[in-house]
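Taken in order, these protein sequences are the chains called X and A.
Under our numbering, the first residue of the first sequence is numbered 1, with each subsequent residue one higher.
Under our numbering, the first residue of the second sequence is numbered 1, with each subsequent residue one higher.
Do not take every clue at face value.
The list treats identical chains as one, so a pair stands whether inside a single copy or across any two.
Think about it this way: if two alpha-carbon atoms lie no more than 20 Å apart in a straight line, the pair counts; the simulated DMTMM-like pairs of lysine to aspartate or glutamate are [unchecked claim]:
| id | residue 1 | residue 2 |
| --- | --- | --- |
| 1 | Lys93 | Glu111 |
| 2 | Lys189 | Glu177 |
| 3 | Lys121 | Asp142 |
| 4 | Lys187 | Glu177 |
| 5 | Lys121 | Glu149 |
| 6 | Lys189 | Asp32 |
| 7 | Lys187 | Asp32 |
These are computed hints drawn from the structure, not numbers from a lab.
This structure is a prediction, so every number in the text was calculated from the model and none was measured.
Number of protein chains: 2
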Amino acid sequence: MSPQGQVETVPADGLTTRQRRNRPLLIVHTGDMKGKSTAAFGLALRAWNQGWPVGVFQFVKSAKWKVGEENAMLALGRLHELTGEGAPVDWFKMGQGWSWLQRGPTDDHAEAAREGWEQIKSDLAAQTYGCYVLDEFTYPIDWGWVDVEDVVETLRNRPGHQHVIITGRRAHPALIEAADLVTEMTKIKHPMDAGQKGQRGIEW
Amino acid sequence: MSPQGQVETVPADGLTTRQRRNRPLLIVHTGDMKGKSTAAFGLALRAWNQGWPVGVFQFVKSAKWKVGEENAMLALGRLHELTGEGAPVDWFKMGQGWSWLQRGPTDDHAEAAREGWEQIKSDLAAQTYGCYVLDEFTYPIDWGWVDVEDVVETLRNRPGHQHVIITGRRAHPALIEAADLVTEMTKIKHPMDAGQKGQRGIEW
Numbered sequence: 001m002s003p004q005g006q007v008e009t010v011p012a013d014g015l016t017t018r019q020r021r022n023r024p025l026l027i028v029h030t031g032d033m034k035g036k037s038t039a040a041f042g043l044a045l046r047a048w049n050q051g052w053p054v055g056v057f058q059f060v061k062s063a064k065w066k067v068g069e070e071n072a073m074l075a076l077g078r079l080h081e082l083t084g085e086g087a088p089v090d091w092f093k094m095g096q097g098w099s100w101l102q103r104g105p106t107d108d109h110a111e112a113a114r115e116g117w118e119q120i121k122s123d124l125a126a127q128t129y130g131c132y133v134l135d136e137f138t139y140p141i142d143w144g145w146v147d148v149e150d151v152v153e154t155l156r157n158r159p160g161h162q163h164v165i166i167t168g169r170r171a172h173p174a175l176i177e178a179a180d181l182v183t184e185m186t187k188i189k190h191p192m193d194a195g196q197k198g199q200r201g202i203e204w
Numbered sequence: 001m002s003p004q005g006q007v008e009t010v011p012a013d014g015l016t017t018r019q020r021r022n023r024p025l026l027i028v029h030t031g032d033m034k035g036k037s038t039a040a041f042g043l044a045l046r047a048w049n050q051g052w053p054v055g056v057f058q059f060v061k062s063a064k065w066k067v068g069e070e071n072a073m074l075a076l077g078r079l080h081e082l083t084g085e086g087a088p089v090d091w092f093k094m095g096q097g098w099s100w101l102q103r104g105p106t107d108d109h110a111e112a113a114r115e116g117w118e119q120i121k122s123d124l125a126a127q128t129y130g131c132y133v134l135d136e137f138t139y140p141i142d143w144g145w146v147d148v149e150d151v152v153e154t155l156r157n158r159p160g161h162q163h164v165i166i167t168g169r170r171a172h173p174a175l176i177e178a179a180d181l182v183t184e185m186t187k188i189k190h191p192m193d194a195g196q197k198g199q200r201g202i203e204w
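The following block holds chain X by itself, in its conformation from the complex (with noise of 0.2 Å):
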């Protein structure tokens, strides 16, 4: 799969490989194993590197979890302000401090990730950021918040080249029936087997 290589089918979508080349990609990562977020945030990296501004909205658990890619996230981000290299970063946690998987679902947190959407869909339709990850928020598709619907058809629709990745378990059928790009991570071995809890710079 090198960028030279063969591609196994020719669409007949009327489109130039150059044009296909350059659509914009909606990318899922979904899958029971850590990795999902992680990967996405090395897609952010190379966003960075193309100049194209870079927006993290996160349906998060703690606001400890990721606080390691956030923190170099918004670093790059500073080093944009200051020497003009790469892009700008923003980085938003809707309704901070939630816990998701301690609390479970409340009306409080639907509102908050509805919101977010909302947020989402005008950021797209403004075309603000050329790379957004929609970190974790699999979840409040999953949980009836947020209306899968409403999400393909915004995504399909968006306008301009808007890089679009979604992270979580469980993603729905019809997110990866829209998506281009989908990876599971999965478990072969992981330390919590073996009694071990999470750490400091490898679980967050």
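Since the structure of chain X is provided, determine the placement of chain A on it from the hints.
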């Protein structure tokens, strides 16, 4: 699997939870799908944020492929020099210009791979880094260029607190056995299936 969550078993290894928690990890990202390296660089962001020096050793197909991550990680290293934030970052490409997948293994590549591994051994002994990314290191092992028993023994006996992340397909069973955490990236859907070629900012 939250940091506060219950672990599945409590090992009889004589260590306290804190000792186990701070144990340096050997992490393997394998499988046929992209995301293995990307997720490794996401982990490197967390290490940088912890102030752990990051060393990336790239056993690469071409200089082009990881340029986004390379530029962004090196930018974080420069930010550390400017402001003291984060940690230093070093990035090594062994046999720059290699193109293993295009040209196939040759004796010269084998020698360069062995030299790279010797450098890594030397850095591990000197505790040069807190986080090592050995990118696509499974291939020189798979091809027999680097002795897997030497790799496993060196990693098992590495001093101090050095996390090591190894990426690549076909991870050797002895490496998986030695690892603390193994994730497999599996393809569900890829745009190249639909005739799309790799694109700037996404594939590299």
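State the violated hints by number, sorted upward, taking the hints as numbered earlier in the document. none
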